[in-house]
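Q: Which chain is which? The protein sequence lines are F and E, in order.
Going left to right, the first sequence walks through residues 61 to 173 as this note's numbering numbers them.
Going left to right, the second sequence walks through residues 3 to 116 as this note's numbering numbers them.
Don't read these hints as lab results, they were simulated from the structure.
You can trust all of the hints, since none of them are fake.
Dumping the calculated DSS-like pairs for lysine-lysine here, alpha-carbon to alpha-carbon at most 27 angstroms: (1) 104(F) - 5(E); (2) 5(E) - 75(E); (3) 5(E) - 72(E); (4) 104(F) - 75(E); (5) 104(F) - 69(F); (6) 72(E) - 104(F); (7) 117(F) - 74(F); (8) 117(F) - 104(F); (9) 69(F) - 117(F); (10) 104(F) - 74(F); (11) 5(E) - 117(F).
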Amino acid sequence: NAGVTQTPKFRILKIGQSMTLQCTQDMNHNYMYWYRQDPGMGLKLIYYSVGAGITDKGEVPNGYNVSRSTTEDFPLRLELAAPSQTSVYFCASTWTGDLDEQYFGPGTRLTVT
Amino acid sequence: AQKITQTQPGMFVQEKEAVTLDCTYDTSDQSYGLFWYKQPSSGEMIFLIYQGSYDEQNATEGRYSLNFQKARKSANLVISASQLGDSAMYFCAMRGTSGSRLTFGEGTQLTVNP
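Could you build all of it, start to finish, from the sequences and the hints given here?
A: Shown next as structure tokens:
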């Protein structure tokens, strides 16, 4: 089982560049999430989706966009990258919005210089 | 709004001893879940244990147990018989019924000494 996969694992961007972080899950989960983790800190929610075609903002959505055209994929788009977006990005998924475990991808380490 | 507080930035324990990692929470939801995740230096998030707010028994998973005190709004993680491989960052998180998101604490860095 692949679970939740993320690409790329590492990326260095220059200020002002754009990129898309890919996230795919093969568990047919309805709910998907994007978190960022700054050094020495906990995870903060950027965006989430409760199903294909439905997305909503989390705590720290500024500078990001998402789309959910299929159940499996939930890409995160960074437009005009800034140094403040240097972070580790985690994608996660879960079957329902109830009180069940979230499965995390391995993370993408992004540096903006 | 939900809030998780982990007051121990770092903890040290001798191998084979037990250790308790503290977590307190605040929520207005009547029904909620509490989670603990382990993040080793490799960076992945590993689910350890879950406690539902209506569960009367404390959750246990192998060497991990969750000391749930609802009136005190605390959900401490107890690791018994610590191993060197337990050295990692540990995060407490909660999820309520008013949203599907997880709210994380700031984490506790556990170091197990030989």
